[in-house]
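Based on the sequences and whatever the hints tell you, model everything.
Here's the letter readout for the chains.
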Amino acid sequence: MSTAATQANPSQTPVFPSFAEVYQGLAGQIGMLREMAPAPTKSDEQRLKGAVDTLIEETNADEAVWLESCIHCGQCTNACHYFQATGEAKYAPMRKMDLYRRVYQREISPMRWWHRLVSKPVKLSDFEEASELIYDSCSECGRCTMVCPMGIDTASLVHHMRSAMVAAELVPPELAALRMEQKNMGTVFGSSPDALKKMVDTIREQAGVEIPLDKDKADVMVLSSAVDLVANGNGLLATAKIMNHLGVDWTIRSDGFESANFGLLSGDMSLWKHQVDPIIEAAQKVGAKTLVIAECGHAYPALRWNPMLSSGELPFEMMYMSEFLGKQAKAGKLRLTPFDGKVTFHDPCKTGRRGGAFDEPRAVLAAMDADLVEMPANKEYNWCCGGGAGIFLLEDATRLRDESFKIKIREVNDTGAESVVVSCASCRLNFESGRQKNNWDKQVHSLVELVADHLIDDETATKGQARGAAA
Amino acid sequence: MSLLEFARGPAIHAALIIMVAGFALRLLGVLVLTRGADMSRPRDAFGNFKGYRTVFSRAWPAGEFTTTTRYQTVVAYVFHIALLLVIVGIVPHIEFIQSLTGLSWPAMPNFLGVALGTIALASLFALIFRRLAKPAIYNSTVGDYVAWVVVALPLLTGLMAFAHVGLRYETMLALHILSSALLFAYMPFSKLMHAFWFIFSRAQSGLAYAHKGVRI
Amino acid sequence: MPSEPTLGGLLHSQGVSRRAFLKFCSTTASLMALPAGIAPAMAEALASARRPSVIWLSFQECTGCTEALTRSHAPTIENLLFNFVSLDYHHTLQAAAGDAAERALEEAMHANKGKYLVLVDGSIPLMEYCSTVAGHSNKESLEHVCADAAAVINIGTCSAYGGIPMAKPNPTNAVATGDIIKDKPIVNVPGCPPMPLAITGVIAQYLTMGKLPELDHLGRPVAFFGENIHDRCYRRPFYDRGEFAETFDDEGARKGWCLYKLGCKAPIAYNACAHVKWNNGVSFPIQSGHGCIGCSEPRFWDMGGVYDSVAKGNFGDGAKLGAAAIAGAAAGASAAYLARRKKTEIAEGAHGDE
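Chains as they are written, first to last, in our numbering: chain A, 1 to 471; chain B, 472 to 687; chain C, 688 to 1041.
Keep in mind that the hints are not guaranteed to be accurate.
[Claimed, not checked] Here are the computed lysine to aspartate or glutamate pairs in the EDC-like style, where the Cα-Cα straight-line distance is at most 16 angstroms:
# : chain 1 : residue 1 : chain 2 : residue 2
1 : C       : LYS855    : B       : GLU476
2 : A       : LYS123    : A       : ASP44
3 : A       : LYS49     : C       : GLU914
Hints listed in this document are in silico derivations from the structure and should not be mistaken for laboratory results.
Below is the structure:
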């Protein structure tokens, strides 16, 4: 991928494999996850009780109102890519909260005495059956909320169900394996601090780009992600090029660099928090004013919109890579060579509809004079690519993912653009998968890599110390 | 005690008591639950407040969904408006409300009441036909059908009573009042509570999304 | 005693023409939904009918029913027909009193055993000694007199359904004739008072056809009580147009608009008032500007206020609803509170485990 990008900078031979190769390599790794999945450790009764208790604990008035509000009007089916792709009743978004509602009705609702009389007790097998609805067929993209006349936030309800699934030890094997890896070893796909150091060294040695690792003080602390560290070195390389180009005082910290959060994806709230804490600590330690989250969609809600984190009280701002780039572009600090040809932008669910970073990535594209053609459904109404919220990793979700991606293909084709820009590793992997499986003739760019390839070189010479350090 | 006396007296009285108590029970039973807090910093300081717009803006589907939701939305609107006008617009209903609350207002001509009642019933049929025709989309439960019947009965019996069709007037009137009593008593314990929930549900989502700077 | 005169002879002696008599017969026949061709036969049968013995029992009543029958502004065939029957016992109308009157009753019962008609007005108190005649409670009298009767005709709502004496709080524990007499044919001619034509019509049919008329589910002759007053009301078009009098002296009332909102019970009342009318077809309550009070219906006095419209709920004010709201709110809040406590307990338990 991004062959145009490598050609734009002919002085360098590609250091890292193309994204097509990255995808294939990663797919092989994902295939092995299933065997690494932990077996349940608790008795069935404990698992069921844990699931039910988790839902009770996580249910506030908001969730209760949403569970009470559904009138089965069927509108949400219009919005869900998994339903639209398959037409199967069970994938209707409203169905994804049925089990949650049953637990709510029997345990919390003011009518619980009645529901206990008339509804069947919840069994562990109910949660087992719900797994497909909770993980495989819901990327928590929130598009159904956009059409729901009641405005029910189904995605957040599904997320609570994922928490219950963690307690029930029913997390799909791929996510369970990564969750356990992150929980026990602090790594994802082996992306340890050592791996980070190795990648930093590789980039310095082979691409000649300096990455200020583990600086004591820095204005900008940048996160990386497992995908970049174990497969797609280009991601980190591009980030470094841009930071150095901008001349900001930046660092990556080996005590807090991982954007990916399998606590959030699996539904494990304590792991979510456990994974976030060291990052926040590190950012405070270096005195960062800005924390830049790598292009890893779910990391944005994991950090920026982490409801457990009083981010208003933190001395630094958290922003997604696309937001950071967009702000720089808007401020005129990011000057880019023009991008030829029509392009469209895919808003990742987690940073778009469920994150609010719409303008910034578009500002970046505007900075390279790109001929941006919006998809028929864009921004808040953007169709999910089908791979978000960990679904890209799930083997069982392959059919759902592939079928729903056809909607995305249609949307992109409608624009007449030759390439599509994404700003999320999950989306990008899923696009790559869909591109290869469907022999799709579109190019898929990562925003950060695209920017790195379009930096105006002669200006960089006059910029600050970081660039100098790199040289 | 005749059926009408039973309907006008104990039945409707009990139903109203159940309805009022049920509304209070279910509303407070939910709204008094713990409040979750999103502690993250809002995108802009006063942005959250904009979330309340969703309560109103969600009254009509976004342009993105116009085609796919047109039938359901239009028919549902026709139904709700016609039903509401019939409920508050015709003389017998105003008389009933006045006996309960002391409030009164000018009524619409009866022919209009009949027309609106017929429209409401017809739209209700239009909705159930679609529900039956597209099972995958609606995922109907028993509750959906029960609610439909419970809503349709007062309309049907009301129209029949008004037109003096079917059984004797006082019997039709009694059936109308009894079916309304059933509706009143059933409302708080069914999906018909959406008459209240929609405000809270929309506002919550509106706030949650506005917090992130997204307008839904 | 002269030989028993026929009705024809009596009418003739009173100067009633045959034409007028035929007119009465055809009116009665048509009202009672008999075939039109039956009028001459009816006239023939009536003209030659012998005087039947009629015993009129008055219990808890106001004499309004008798008044309605006898105080017509001009002599009518209806009251002439009434003159024709052998009214052997009637407190208000008979000359005899005391023992003589009671003796007349016993004689009539004995002489016409199994053939006499019992006409009852007034309800019967089950509470002892609330109403007695000649030392007998009304219940005793009724049971005694009805034992050998051919049929019982209840004149007025009180005997038919209990009427006003039975209205809340029913201090005498009043009941209708039908609550006591179970083994005789009973015809209810309710109304407060009933329409005279309805009374005479029933008697005329009994005399001519030898049987009682077809009755509705409330024991009333379908011929007179089969139609809804609202359906036959000349003000009905105003109802359909939604034109209502709001008060008794507003523009609508002057224009003769519908009295529904002023409590007219016509929609739930069945009687011949609207089409037969009273006083020789002069008028009926709605025509004179007052809503129907539904007097021919059981328990009409307790079916909401006279000036409360049919649609009004009949359960007093909404005070209980306020109480219900408070009770519901309390229950809801406690349910939520208990749910919150459960949450806290789970949270503490979970942290204890860790």
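Quick rundown of the hints versus the structure:
1. LYS855/C - GLU476/B: Measuring from Cα to Cα gives roughly 14 angstroms; hence the hint holds.
2. LYS123/A - ASP44/A: 9 angstroms, holds
3. LYS49/A - GLU914/C: Given that 16 angstroms is the threshold and the Cα spacing comes to 67 angstroms, the pair is violated.
Of the numbered hints stated above, the single one contradicted by the structure is hint 3.
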